[in-house]
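Undergrad: So the chains spell out like this:
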Amino acid sequence: MNRFSTTETVKHAVLILGALIVILPFYVMLSYSLKSPGEIERNEGGFLGRQELMVDERCAIRAAPDRAAIDQARPDHPGKSDREILAHLTQDAREGCSVRPAVFNYTMAFSEAPLLRYLLNGVIVTVSIFLLQVLIALPCAYALAKLRWWGRNLVFGLVLFCLLIPVHAVALPLYIMLAKVGLTNTYAALIIPWTISVFGIFLMRQFFMTVPDDLIDAARMDGMSEFSIVWRVMLPTAVPALLAFAIFSVVAHWNDYFWPRIVVTGNRELFTPPLGLREFKGDADGSFFGPMMATATIIVTPLIVAFLLAQRRFIEGITLTGMK
Amino acid sequence: MASIVLSSIAKSFGPTVVLKSIELSIRPGEFLTLVGPSGCGKSTLLRILAGLEQQSAGDVLIGGEVVNKVRAADRNLAMVFQSYALYPHMSVLQNMMTPLTLRDLTFAERLPLLGPAMARGKYRALHAQAVETAKVLQIEALLDRKPGQLSGGQRQRAALGRAMVRKPVAFLMDEPLSNLDAALRVHMRSELAQLHRRLETTFVYVTHDQAEALTMSDRMAVMMSGEILQLDSPDRIYDDPQDLRVATFVGSPKINCLPAEVDGEGRITSLGLALERRVGERPRAPTLAIRPEQLRLSKGPAEVGQGLGATITHKENLGAEVYLHAALADGAVPVILRADPEEAFGLSIGSRVELLPRPDRALLFDDAGRRLSYLADAEVKAA
Amino acid sequence: MRERFTAWCFAAPAVLLMAVILILPIVIAAGLSLTNYSLGNDGFDWTGLKNYDRIVSRSSFQKMFTATFTYVGVVVPLSVGLGLGAALMINSLKRFGDFYKTIYFLPVMAALLAMAIVWEFTLHPTIGLINETLSLACGSWLESFAFFERGCVRNFPLWLGDKHYAIWTVAFIGIWQGFGFTMVLYLAGLTSIPRELYHAAAMDGAKTGWDRFRLVTWPMLGPTTVFVVTIASIRSFQVFDTVEAFYPQGGGPSKSVYVMMFAIFEKGIQQNLIGVGSAVTVIFLTFVLFLTLVQRWLVERRVHYA
Numbered sequence: 001m002n003r004f005s006t007t008e009t010v011k012h013a014v015l016i017l018g019a020l021i022v023i024l025p026f027y028v029m030l031s032y033s034l035k036s037p038g039e040i041e042r043n044e045g046g047f048l049g050r051q052e053l054m055v056d057e058r059c060a061i062r063a064a065p066d067r068a069a070i071d072q073a074r075p076d077h078p079g080k081s082d083r084e085i086l087a088h089l090t091q092d093a094r095e096g097c098s099v100r101p102a103v104f105n106y107t108m109a110f111s112e113a114p115l116l117r118y119l120l121n122g123v124i125v126t127v128s129i130f131l132l133q134v135l136i137a138l139p140c141a142y143a144l145a146k147l148r149w150w151g152r153n154l155v156f157g158l159v160l161f162c163l164l165i166p167v168h169a170v171a172l173p174l175y176i177m178l179a180k181v182g183l184t185n186t187y188a189a190l191i192i193p194w195t196i197s198v199f200g201i202f203l204m205r206q207f208f209m210t211v212p213d214d215l216i217d218a219a220r221m222d223g224m225s226e227f228s229i230v231w232r233v234m235l236p237t238a239v240p241a242l243l244a245f246a247i248f249s250v251v252a253h254w255n256d257y258f259w260p261r262i263v264v265t266g267n268r269e270l271f272t273p274p275l276g277l278r279e280f281k282g283d284a285d286g287s288f289f290g291p292m293m294a295t296a297t298i299i300v301t302p303l304i305v306a307f308l309l310a311q312r313r314f315i316e317g318i319t320l321t322g323m324k
Numbered sequence: 001m002a003s004i005v006l007s008s009i010a011k012s013f014g015p016t017v018v019l020k021s022i023e024l025s026i027r028p029g030e031f032l033t034l035v036g037p038s039g040c041g042k043s044t045l046l047r048i049l050a051g052l053e054q055q056s057a058g059d060v061l062i063g064g065e066v067v068n069k070v071r072a073a074d075r076n077l078a079m080v081f082q083s084y085a086l087y088p089h090m091s092v093l094q095n096m097m098t099p100l101t102l103r104d105l106t107f108a109e110r111l112p113l114l115g116p117a118m119a120r121g122k123y124r125a126l127h128a129q130a131v132e133t134a135k136v137l138q139i140e141a142l143l144d145r146k147p148g149q150l151s152g153g154q155r156q157r158a159a160l161g162r163a164m165v166r167k168p169v170a171f172l173m174d175e176p177l178s179n180l181d182a183a184l185r186v187h188m189r190s191e192l193a194q195l196h197r198r199l200e201t202t203f204v205y206v207t208h209d210q211a212e213a214l215t216m217s218d219r220m221a222v223m224m225s226g227e228i229l230q231l232d233s234p235d236r237i238y239d240d241p242q243d244l245r246v247a248t249f250v251g252s253p254k255i256n257c258l259p260a261e262v263d264g265e266g267r268i269t270s271l272g273l274a275l276e277r278r279v280g281e282r283p284r285a286p287t288l289a290i291r292p293e294q295l296r297l298s299k300g301p302a303e304v305g306q307g308l309g310a311t312i313t314h315k316e317n318l319g320a321e322v323y324l325h326a327a328l329a330d331g332a333v334p335v336i337l338r339a340d341p342e343e344a345f346g347l348s349i350g351s352r353v354e355l356l357p358r359p360d361r362a363l364l365f366d367d368a369g370r371r372l373s374y375l376a377d378a379e380v381k382a383a
Numbered sequence: 001m002r003e004r005f006t007a008w009c010f011a012a013p014a015v016l017l018m019a020v021i022l023i024l025p026i027v028i029a030a031g032l033s034l035t036n037y038s039l040g041n042d043g044f045d046w047t048g049l050k051n052y053d054r055i056v057s058r059s060s061f062q063k064m065f066t067a068t069f070t071y072v073g074v075v076v077p078l079s080v081g082l083g084l085g086a087a088l089m090i091n092s093l094k095r096f097g098d099f100y101k102t103i104y105f106l107p108v109m110a111a112l113l114a115m116a117i118v119w120e121f122t123l124h125p126t127i128g129l130i131n132e133t134l135s136l137a138c139g140s141w142l143e144s145f146a147f148f149e150r151g152c153v154r155n156f157p158l159w160l161g162d163k164h165y166a167i168w169t170v171a172f173i174g175i176w177q178g179f180g181f182t183m184v185l186y187l188a189g190l191t192s193i194p195r196e197l198y199h200a201a202a203m204d205g206a207k208t209g210w211d212r213f214r215l216v217t218w219p220m221l222g223p224t225t226v227f228v229v230t231i232a233s234i235r236s237f238q239v240f241d242t243v244e245a246f247y248p249q250g251g252g253p254s255k256s257v258y259v260m261m262f263a264i265f266e267k268g269i270q271q272n273l274i275g276v277g278s279a280v281t282v283i284f285l286t287f288v289l290f291l292t293l294v295q296r297w298l299v300e301r302r303v304h305y306a
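Protein chains in written order, with our numbering: chain R, 1 to 324; chain Z, 1 to 383; chain U, 1 to 306.
Honestly, I wouldn't trust all of these hints.
[To be verified] Pairs of lysine-lysine residues, derived as BS3-like cross-links and limited to a Cα-Cα distance of at most 30 angstroms, are as follows:
#, chain 1, residue 1, chain 2, residue 2
1, R, Lys180, U, Lys94
2, Z, Lys122, Z, Lys167
3, Z, Lys69, Z, Lys20
4, U, Lys94, Z, Lys69
Just so you know, the hints here were simulated from the structure itself, not pulled from any lab data.
Taking the hints into account, I'd like the entire structure generated from these sequences.
TA: If you want it as structure tokens, here you go:
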């Protein structure tokens, strides 16, 4: 068995080629978020860009000297014509508006649109959705797995049926219902349709069924109410599944574009990160690719970093939820 | 049929040495068992023979030719796995035909739909071969079923059928009976032995069950910690073990081990009892080993004081015979002996008895577990 | 019994939400699809099957079906196939397997909208990286290929603007994003194949990788494949982000990328034609339901456990 077998090398070559294609947009995104408009247009500067000082055109326009400024500056420039003074002041203004491209891009990202607010919204929405999902799914799963009641099969059948319905597919009627109740453009609209995770109920039920009945009976003998049992006995046993489900839920809802696009129409304050980016794109003119890429980077980074730190958990989670 | 030779086979996984230096020569047509406790390396040795593992050193020879570089698929050996490893998506018939199609049909002829259309004649011939083998194993009725629809014993036969159908140079079996229940296992032991006689092909059999090894083999190799301790017929392994470990591993219930002393003249005593045998060496802490059936209760007043005093601690009544557990030397040395139901009738826990060994059947081992043979009478007289 | 009461209490919120958020909308959509309702109107008329009739006959809706099915028909086999190929290769590597796994899975984690915008930029006809790299080949021996010849003389393709290329480009992005997910699922499936089956295949005479694949790997991946294909199909049916980001109005050059979710969005939300939007919703749901039932049936039929 030789160390460097040809098949192994070929496999690596193919995989590396694939990796390059996969990484390409990430490279572009990161790289252009650090470059000046000129560099972007001409596609130069390597990965990090040359980081030469560039002039922020909008700032320069804002700071452009007017009549009053020229008059004010006349005493400091004896013997120069108005035009010369104007040129000098313009030069000063431009220098004052000089900034490194990377800094420019990222500060623009936060100042042109309330990106921090969007990120906050993202956090609020994903966390609320997940917590509510758990709050609603766990007791139901417990009832389906461990309690004896005549409606059990009926409700489980309902769960199975609802597994067939992707929420995005019923977005339109949901939107109408929310509009009729006056709840569009609210956090409620962003959160409520996702609080019912049929998949979560299904997954938790599978896990709960593996918990020995004796454990629950012992808890009952100890005097625990059924409600306590759910949160103090069943929840700890299902932590791995919950973790997997959390990952699945957070990723799906942080990245969701379709539903927020439908339901948040007027109120910028409610934009989730993808919506914020989309609006940025809509507004942007050609020179704003840099900040747009910076915004994209900021939106994409939290999940990527979390993924890189805990890859095994992520992949396990997605697989686990996938294989049901 | 061909002879199989494993020469100086060694195997390590990283720093762990699994096989030390194995020399094994298997005669054509014999039933050879590799037996030993878990972790002794027997399965690894079998897989090396099969070609599924590569040895770290040494050679494998089949029919006199070195086959180290030959792939498993080309060695013309057949293997029955512990889990049977039947293809779950195929019927028994298809399982049995797979080795034949892989060997006798070209790539094109093996394609799913085109193949059978193109090579109808060949397929028919292979089909017939498979059916014939199924008849020998009496599983014709099961040919259309999938493995998931068979019982344990039926699956085992299907796995055997898949191995037999190719008429290999040797059959390799990796603990094939361990997944069956006790009664079925006993039945299959005799069936396998009969099958071996009928096929007249070499069987190399791996098991941890010494009873299987004793009842089925022509020769058995007792392995421990990566080496073969003794390779002999079952009778000789049982009656004439060369290592204490072999003696304790083989035989149920376990052989009794008593501390012994050897004096300057080679005379052996154990717990006060003197044996009428001598040995040529003087080990410092030898062990005297006696099989349960070689230990008996003293009969009547004529034998009082001649045996070992013991207290009964437990009685196992198996109906046809009774196994008495006793403690010698104030409870320090436990022994088991076999007794007739009549003898054991009046005894209960706590009864004091006297035990007599059959002197020439007791075995002496030195400090390292090596067997010491008794000097013949002539040698004794000369000493 | 107390247990019954408790159970209902526990299940009630879920049941209520299921009814209101999942079931009720289907009923409403079905009902509204037979009307000409618009949000903001007080009343509406029952129009019977007129909306469905329009969908089946109008060319723009036919383009909707073409676009959707082309997309699904390209993305599903390719993302499943590439995922399987990547999984097989990575599984057989001695080192760096985890590295590739991580990289290939990154697109799944990144917000599709964000990455779509980056792709749009990368595919820009003049300043995008792709076309700029392609134009580096101008003046070299590669120009002998017709593609490069045309591209060097005129422009390299408008990947997103040309009606011949648009749907394939969007499909490519869909594959780029999705095959990491199928790869991960296949990797899990591969590890559950008992090793001894490969040993048995070796003993039976299987020599090449193809033999092993056909005899053991592919059959044992059966249930995984069914699952992966279903998930990939449903996900690709729901494509929206890329389409709306690239073509906010109209669904692509000459509607070549006018997929169903976008049609629902355009008709129902943007143009406030709720009746038509609901009709498309109903058709969409039917497809999804059909797909899932086919998967269930296939799994029932082909279950085989050792």
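Undergrad: Just pull the numbers of the violated hints for me, sorted ascending.
TA: 1
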